[in-house]
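Trainee: So the chains spell out like this:
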Amino acid sequence: MKRFLLVWIGLFLFSGLAYATEERPTLGLEGGAFPLINQPVNILVSHASYPDLEKFELTATYRPNSSTSFVEKLPAPNDMGRVEWIPKEAGIATLTAIAPELKGVEDGNAVKLETNVSVRYGSFPMSGILIFLLAALTLFGGLIVTLLASRERA
Amino acid sequence: MAVDVERGQWKSRVGFIMAAAGSAIGLGNIVFFGANAYKYGAGAFYLPYLIALFMVGIPVMILELGLGSMTRRAFPPSLHRIAGRFGEFWGWFSLASAFLVTMYYITILGWTFGMLWGAMGPLWEPSQAMTGFTDPTIPNPAGYFFNMISTWSPLIFVVLIWCANLFIIVRGVGQIEIINRIFLPLMWIFILFLIVRGVTLPHGLEGVYLLFTPDFAAMKDIEIWKGAFSQIFFTLSLGFGVMTAYASYLPRDADQVSNPLIISFMNCCFEFLAGIAIFTMLFAFSIVPKASTMSMTFFVIPAGIAKMPGGPMIVQAFGILFFTLLLLAGISSSVSLVESPMAALIDKFNMPRRHLVLMIGGLGILGSVMFTLPFVVDPGLAAGGTLGLTLVDLVDHWAFSYGLLISGLMECVIVGWFFGVDKLRLSINRYARIPLPSIFNGFVKWIIPAILIFILVSSAWNEFGGLYGHDYVINGYQPWLPLACFLLWLVGGALLSLILTMSGSYAPAAALEEEGV
Numbered sequence: 001m002k003r004f005l006l007v008w009i010g011l012f013l014f015s016g017l018a019y020a021t022e023e024r025p026t027l028g029l030e031g032g033a034f035p036l037i038n039q040p041v042n043i044l045v046s047h048a049s050y051p052d053l054e055k056f057e058l059t060a061t062y063r064p065n066s067s068t069s070f071v072e073k074l075p076a077p078n079d080m081g082r083v084e085w086i087p088k089e090a091g092i093a094t095l096t097a098i099a100p101e102l103k104g105v106e107d108g109n110a111v112k113l114e115t116n117v118s119v120r121y122g123s124f125p126m127s128g129i130l131i132f133l134l135a136a137l138t139l140f141g142g143l144i145v146t147l148l149a150s151r152e153r154a
Numbered sequence: 001m002a003v004d005v006e007r008g009q010w011k012s013r014v015g016f017i018m019a020a021a022g023s024a025i026g027l028g029n030i031v032f033f034g035a036n037a038y039k040y041g042a043g044a045f046y047l048p049y050l051i052a053l054f055m056v057g058i059p060v061m062i063l064e065l066g067l068g069s070m071t072r073r074a075f076p077p078s079l080h081r082i083a084g085r086f087g088e089f090w091g092w093f094s095l096a097s098a099f100l101v102t103m104y105y106i107t108i109l110g111w112t113f114g115m116l117w118g119a120m121g122p123l124w125e126p127s128q129a130m131t132g133f134t135d136p137t138i139p140n141p142a143g144y145f146f147n148m149i150s151t152w153s154p155l156i157f158v159v160l161i162w163c164a165n166l167f168i169i170v171r172g173v174g175q176i177e178i179i180n181r182i183f184l185p186l187m188w189i190f191i192l193f194l195i196v197r198g199v200t201l202p203h204g205l206e207g208v209y210l211l212f213t214p215d216f217a218a219m220k221d222i223e224i225w226k227g228a229f230s231q232i233f234f235t236l237s238l239g240f241g242v243m244t245a246y247a248s249y250l251p252r253d254a255d256q257v258s259n260p261l262i263i264s265f266m267n268c269c270f271e272f273l274a275g276i277a278i279f280t281m282l283f284a285f286s287i288v289p290k291a292s293t294m295s296m297t298f299f300v301i302p303a304g305i306a307k308m309p310g311g312p313m314i315v316q317a318f319g320i321l322f323f324t325l326l327l328l329a330g331i332s333s334s335v336s337l338v339e340s341p342m343a344a345l346i347d348k349f350n351m352p353r354r355h356l357v358l359m360i361g362g363l364g365i366l367g368s369v370m371f372t373l374p375f376v377v378d379p380g381l382a383a384g385g386t387l388g389l390t391l392v393d394l395v396d397h398w399a400f401s402y403g404l405l406i407s408g409l410m411e412c413v414i415v416g417w418f419f420g421v422d423k424l425r426l427s428i429n430r431y432a433r434i435p436l437p438s439i440f441n442g443f444v445k446w447i448i449p450a451i452l453i454f455i456l457v458s459s460a461w462n463e464f465g466g467l468y469g470h471d472y473v474i475n476g477y478q479p480w481l482p483l484a485c486f487l488l489w490l491v492g493g494a495l496l497s498l499i500l501t502m503s504g505s506y507a508p509a510a511a512l513e514e515e516g517v
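The listed protein sequences derive, respectively, from chains W and D. Mapping the first sequence onto this note's numbering, position 92 (from 1) lands on 92, and the numbers just tick up by one. Mapping the second sequence onto this note's numbering, position 155 (from 1) lands on 155, and the numbers just tick up by one.
Note that these hints are calculated values from the structure, not bench results. From a predicted model like this one, the values you see are computed outputs, not experimental measurements. Glycine included, C-beta positions come from ideal geometry on N, C-alpha and C. Treat the hints with care, as some may be off.
[Stated by the list, open to error] Partial pick of chain D residues on the chain W-facing surface, computed with a CB cut under 8 Å: (1) E206; (2) D215; (3) D253; (4) D255; (5) C269; (6) S286; (7) P289; (8) S292; (9) G442; (10) W446.
[As the list claims (entries may be wrong)] Derived lysine to aspartate or glutamate pairs resembling DMTMM-like cross-links, with alpha carbons at most 20 Å apart: (11) D/K11 <-> D/E223; (12) D/K307 <-> W/E114; (13) D/K307 <-> D/E463; (14) D/K290 <-> W/E114; (15) W/K88 <-> W/D52; (16) D/K220 <-> W/E89; (17) D/K290 <-> D/E223; (18) W/K55 <-> W/E89; (19) W/K112 <-> W/E89; (20) D/K226 <-> D/E463; (21) W/K112 <-> D/D253; (22) W/K112 <-> W/E57.
All chains should be modelled from the sequences, with the hints used to inform the complete structure.
Mentor: Take a look at the structure:
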């Protein structure tokens with residue numbers, strides 16, 4: 001009886017392990033999620049059961065959910081699921097890959113993969129430094145000058 | 001100088017500045033600024049925001065403090081002194097809008113308390129089992145939040161926060177001063193902790209570049225300017241009547257040029273630091289904020305904290321730090337929001353503070369409870385989820401987004417066109433070390449009203465497409481709930497203001513001319 005139970009437990013654990021290691025569809029960047037502006041980087045799409053990776057439609061949405069957001073349509077990936085991308089703008093971007101022919105098991109909609117990446121500036125742009133200094137000097141400088149002036153009065 | 005025993009007076013100028021800065025620095029500085037800055041293009045937003053500070057923020061702050069100091073009365077009575085019942089009506093209407101805001105603000109603080117409780121453990125679990133919603137499991141922290149607000153537990157937290165507020169207020173301005181002397185430095189220390197952690201995260205510093213690097217092409221979009229001017233108005237707690245009430249507890253010879261400058265700069269310095277803390281985290285963890293402030297507070301930032309390197313202890317520690325910071329900032333602001341109608345009612349009806357605490361507290365708790373109602377009206381989470389959260393969103397749209405701007409517009413019109421802004425300027429200049437230039441008159445009479453009218457009209461124009469909330473998912477409450485919230489704010493607020501304006505009368509006060517104004 002004990003042996004029978006152990007076999008069942010073993011089978012249960014094995015099936016759980018098989019599920020856990022099943023390859024899920026993924027979308028990502030080769031070399032991490034921090035590409036550099038104007039520098040090429042490879043996007044990689046993978047899907048365990050869908051061989052036609054070149055049918056995925058890829059887009060990059062720069063600064064999603066903001067008023068300055070815009071979408072860039074990217075070329076289709078090669079049969080290895082790889083495509084080169086040159087980020088146009090620094091900031092947070094959302095990469096999306098949609099396979100219209102590939103239906104989701106549960107809802108019947110096209111499979112949609114999404115991932116967020118942060119596109120780096122590389123160095124602090126001069127205009128950014130100027131605004132940073134302007135803000136810091138105006139706010140902190142204004143506070144200090146006003147405090148000193150009112151202390152003199154006191 | 002004779003001191004009104006019931007009204008009280010600040011013990012020191014530092015105490016007043018701490019209290020006023022504590023009022024201005026609230027949830028808005030920590031999360032609303034970050035959400036707005038991101039929404040309007042980060043770098044495209046900061047320069048318009050700085051311009052808005054000088055064009056609208058500081059002049060209206062000077063006006064509100066100058067009014068309180070000159071009349072030594074809270075907001076509606078001070079407007080009564082300079083423009084009779086017409087002015088007083090608008091004062092009460094502002095306070096009615098502000099009181100609606102206070103009710104749901106304290107509910108949000110109650111939810112923050114609940115999240116603080118969760119930050120000690122369950123909030124950092126991967127997902128939350130849900131009942132009542134379509135999805136049986138939702139990833140945390142959103143799952144934890146929606147599960148919490150769909151139960152009655154926030155009711156206890158809301159009552160606790162109200163009790164804390166009333167406990168501080170019942171003892172008068174002296175207690176408000178003490179609390180802010182403790183809370184304000186703590187808030188600065190906590191935000192510095194978050195900054196240090198943010199900039200030391202891998203690539204966190206790039207978030208600073210994102211926040212400050214201007215996008216001049218995007219600045220041509222009028223919506224960004226509208227967002228910046230609204231942000232500066234809300235972040236400085238203008239239009240709530242709080243600053244006038246606080247300034248009324250100062251001696252008449254207070255310097256009402258340097259005080260507003262210090263409070264405004266202190267508030268925006270804190271916001272500058274909070275912006276850095278938030279943006280470093282957004283960039284380091286590639287987080288895309290959703291449109292609402294609420295999501296920024298309860299999902300986006302906690303999602304970033306959950307990814308902090310260093311293990312579960314660090315995540316818990318920073319989670320507790322973040323929600324404690326929100327709670328401290330929120331309570332120092334909510335105290336001022338409750339004190340504002342309190343001061344106005346004391347001035348008008350000469351009632352004892354203890355009686356008013358019971359009255360305002362009872363009414364406020366009832367209102368806040370409405371905003372915690374846990375009934376699920378949107379199981380698919382397409383909009384607000386629960387009835388309480390849906391009500392917060394609907395009421396906020398009218399009372400906050402419109403009410404405070406109307407209040408700011410009317411105070412400029414009343415001072416600029418009815419009373420005479422030059423009289424206020426001369427009154428302020430009598431005790432000011434840095435004299436207010438005559439350009440201030442032009443700002444109050446023309447520039448600020450023009451900006452506020454533009455924002456209000458363009459926002460109202462969008463409503464013609466359909467009343468706010470008409471396309472919401474509110475099972476069982478559509479279509480009447482959005483309309484009811486709008487009427488509650490506009491008709492309810494106007495009727496209450498009319499009743500308060502017409503009832504009772506003020507104790508005779510010396511004419512302003514006799515007082516040298």
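Trainee: Just pull the numbers of the violated hints for me, sorted ascending.
Mentor: 3, 8, 9, 10, 11, 13, 15, 18, 19, 21
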